[in-house]
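Start from the sequences, fold in the hints, and give me the full structure.
There are 2 protein chains.
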Amino acid sequence: MILDGKKIAAEIYSSLKIQVQELPTPPTLGIVLIWSDPVSMRYIGQKEKWAKYLGINFELYKFPIDISEEHLKQEIQNLNQNPKVSGYIIQFPLPKTIDLHSITQEISPLKDVDWFHPENQGKTLIGDTSGLTACTPAGVMELLSTENIDVVGKHVVVLWKSNIVGKPLTMLLINAGATVTSCNSKTSNISTYTKHADIVISATGIAGIITKDIIQESTIVIDVGFSLYDGVIMGDANFTEIHEQGNLITPVPGGVGPMTVAMLMKNTITTHKRQLWIL
Amino acid sequence: MILDGKKIAAEIYSSLKIQVQELPTPPTLGIVLIWSDPVSMRYIGQKEKWAKYLGINFELYKFPIDISEEHLKQEIQNLNQNPKVSGYIIQFPLPKTIDLHSITQEISPLKDVDWFHPENQGKTLIGDTSGLTACTPAGVMELLSTENIDVVGKHVVVLWKSNIVGKPLTMLLINAGATVTSCNSKTSNISTYTKHADIVISATGIAGIITKDIIQESTIVIDVGFSLYDGVIMGDANFTEIHEQGNLITPVPGGVGPMTVAMLMKNTITTHKRQLWIL
Numbered sequence: 000m001i002l003d004g005k006k007i008a009a010e011i012y013s014s015l016k017i018q019v020q021e022l023p024t025p026p027t028l029g030i031v032l033i034w035s036d037p038v039s040m041r042y043i044g045q046k047e048k049w050a051k052y053l054g055i056n057f058e059l060y061k062f063p064i065d066i067s068e069e070h071l072k073q074e075i076q077n078l079n080q081n082p083k084v085s086g087y088i089i090q091f092p093l094p095k096t097i098d099l100h101s102i103t104q105e106i107s108p109l110k111d112v113d114w115f116h117p118e119n120q121g122k123t124l125i126g127d128t129s130g131l132t133a134c135t136p137a138g139v140m141e142l143l144s145t146e147n148i149d150v151v152g153k154h155v156v157v158l159w160k161s162n163i164v165g166k167p168l169t170m171l172l173i174n175a176g177a178t179v180t181s182c183n184s185k186t187s188n189i190s191t192y193t194k195h196a197d198i199v200i201s202a203t204g205i206a207g208i209i210t211k212d213i214i215q216e217s218t219i220v221i222d223v224g225f226s227l228y229d230g231v232i233m234g235d236a237n238f239t240e241i242h243e244q245g246n247l248i249t250p251v252p253g254g255v256g257p258m259t260v261a262m263l264m265k266n267t268i269t270t271h272k273r274q275l276w277i278l
Numbered sequence: 000m001i002l003d004g005k006k007i008a009a010e011i012y013s014s015l016k017i018q019v020q021e022l023p024t025p026p027t028l029g030i031v032l033i034w035s036d037p038v039s040m041r042y043i044g045q046k047e048k049w050a051k052y053l054g055i056n057f058e059l060y061k062f063p064i065d066i067s068e069e070h071l072k073q074e075i076q077n078l079n080q081n082p083k084v085s086g087y088i089i090q091f092p093l094p095k096t097i098d099l100h101s102i103t104q105e106i107s108p109l110k111d112v113d114w115f116h117p118e119n120q121g122k123t124l125i126g127d128t129s130g131l132t133a134c135t136p137a138g139v140m141e142l143l144s145t146e147n148i149d150v151v152g153k154h155v156v157v158l159w160k161s162n163i164v165g166k167p168l169t170m171l172l173i174n175a176g177a178t179v180t181s182c183n184s185k186t187s188n189i190s191t192y193t194k195h196a197d198i199v200i201s202a203t204g205i206a207g208i209i210t211k212d213i214i215q216e217s218t219i220v221i222d223v224g225f226s227l228y229d230g231v232i233m234g235d236a237n238f239t240e241i242h243e244q245g246n247l248i249t250p251v252p253g254g255v256g257p258m259t260v261a262m263l264m265k266n267t268i269t270t271h272k273r274q275l276w277i278l
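Those sequence lines, one after another, are chains A and B.
Note that numbering that gives the first Met the number 0 numbers the first sequence so that position 72 is 71, with each residue one more than the last.
Note that numbering that gives the first Met the number 0 numbers the second sequence so that position 181 is 180, with each residue one more than the last.
FYI, nobody ran anything at the bench for these hints, they're computed from the structure.
Hints are supplied without guarantee of correctness; some may be wrong.
Given that identical chains are not distinguished, each listed pair holds provided it fits within a single copy or across any two copies.
[As the list claims (entries may be wrong)] Here are the simulated DSS-like cross-link-like pairs (lysine-lysine), alpha carbons at most 30 Å apart as the crow flies:
1) K185 <-> K211
2) K72 <-> K51
3) K194 <-> K211
4) K72 <-> K272
5) K51 <-> K6
6) K16 <-> K61
7) K16 <-> K46
8) K51 <-> K16
9) K46 <-> K72
Here it is, written out as structure tokens:
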């Protein structure tokens, strides 16, 4: 059976659209863009499309590739202070002349819809919901809850441990009451863990690493993988054989991806509501 | 074999004492105390003893039990701005009239030696070493590294998921390259996990929950448990039978406890050095 992220995201968008209509003023999502490669532009296009659909203003802040770190920090301070901007993201990659770490510390935690500030990261660790949540992990949790998949007491295996997916997702699952195993590229035999998992969530970027042989028929597979082979988008799971085996599985594309963008919009509405003191 | 935390802590103290002597000015550790029950006073006594041994100034800031939240916040701001205070901790418990959450947010992340501010918590999540680390988890990591126990590729099971031990320890282990399983009180059968663990780290407060039957002979047991039965201090592990089986194990007391206090002193020296711009 397919866990249809695209369909669930569409339902979330319907609900968010009504929320935006009921607001006294529309939220604004800002995108700071320096390096405009085709992949980044594709992601930005998706964000713009859904922001506009929801009635969220979309503002692109484009800066030259030779912008100094100091100048960029000043522009970020301007966004922090601009009452018209509800939340904003800094589109990666950044030029090598800019120190990513010192830039993300400048983002106001209140406008940090892409979860880059340590204050929001810390709130995720301790389960403090007054912060903002990383979009992809939030999308996975929303997908599970929408499908009434309770994680309490379940064994969830998370593959790998990136700062934007694996680690925050591990924390959200722990906070939700799951028994969680975090695997990484040094884990000697991932099947030792996946074979005994109720849910496997894979974000390795290695196409086909999750096969039907390393899971049980009852294992739910959430595929956060994304890689390109000859222009074809691939997930981490061997979707066909796992789907044929009867497992519940998210497709790639159309699984976690749409949920991620929906969560970015949700974060933007949240920051706007908080700035209006209605949340 | 015994993992002798007391002995390792003593070695750390020797090294820290030399560090303090080489500083242009001594660090100062502050303790904010409101509710002075006997257990708190015992902990404070330990901290004072070791601070003085190291040459760290020790300042007790005692406030009346009916202090208002507003007044306490002002006192915390004073500590944040006081250049003589390198780092400080707020001794728990607090009276019920004080909101713990809003108080911890007031602590300057730069002086947060007990790891209560979300900014330090977030830095632990993403593995950013410019922050401070929770004392007990840091003590466990230090104990493992001192004993040359490499966690890369090892399976470590962490029992339970508190905000001060289980969760930050899980993150430190993940960052260090371990495969980590986080168990909680809803985990159906902990032996499923502990039986296949290279290292079990238990912080449940349930005396005797770790028995020799649920681990292998090669499993290293780190006991962070602490409970009192008829005045006797008990750890989580059935120490005698596990020790007899030949496992490497920390005793309680004299295992992780001394490491925790040593890490508080280390954090205090770190904050002081950073404020002097020599770190």
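Evaluation of the provided hints:
1. Within a single copy, K185 and K211 get their C-alpha atoms as close as 22 Å, and across copies as close as 28 Å, so both meet the 30 Å cut-off.
2. In this homomeric assembly, K72 and K51 come within 30 Å of each other (Cα to Cα) only inside a single copy, at 28 Å, whereas the closest approach across copies is 43 Å.
3. Taking the shortest Cα distances, K194 and K211 sit within 30 Å of each other both inside one copy (10 Å) and across copies (25 Å).
4. For the homomeric pair K72 and K272, the shortest alpha-carbon distances inside one copy (25 Å) and between copies (27 Å) are both at most 30 Å.
5. Within a single copy, K51 and K6 get their C-alpha atoms as close as 19 Å, which meets the 30 Å cut-off; across copies the closest is 63 Å, which misses it.
6. Taking identical chains as interchangeable, the C-alpha atoms of K16 and K61 lie at most 30 Å apart only when both belong to the same chain, with a minimum of 27 Å there against 52 Å between chains.
7. Within a single copy, K16 and K46 get their C-alpha atoms as close as 15 Å, which meets the 30 Å cut-off; across copies the closest is 55 Å, which misses it.
8. Within a single copy, K51 and K16 get their C-alpha atoms as close as 10 Å, which meets the 30 Å cut-off; across copies the closest is 61 Å, which misses it.
9. When the C-alpha separation of K46 and K72 is checked against a cutoff of 30 Å, the pair qualifies only within one copy, where the shortest distance is 24 Å, while the shortest distance between copies is 41 Å.
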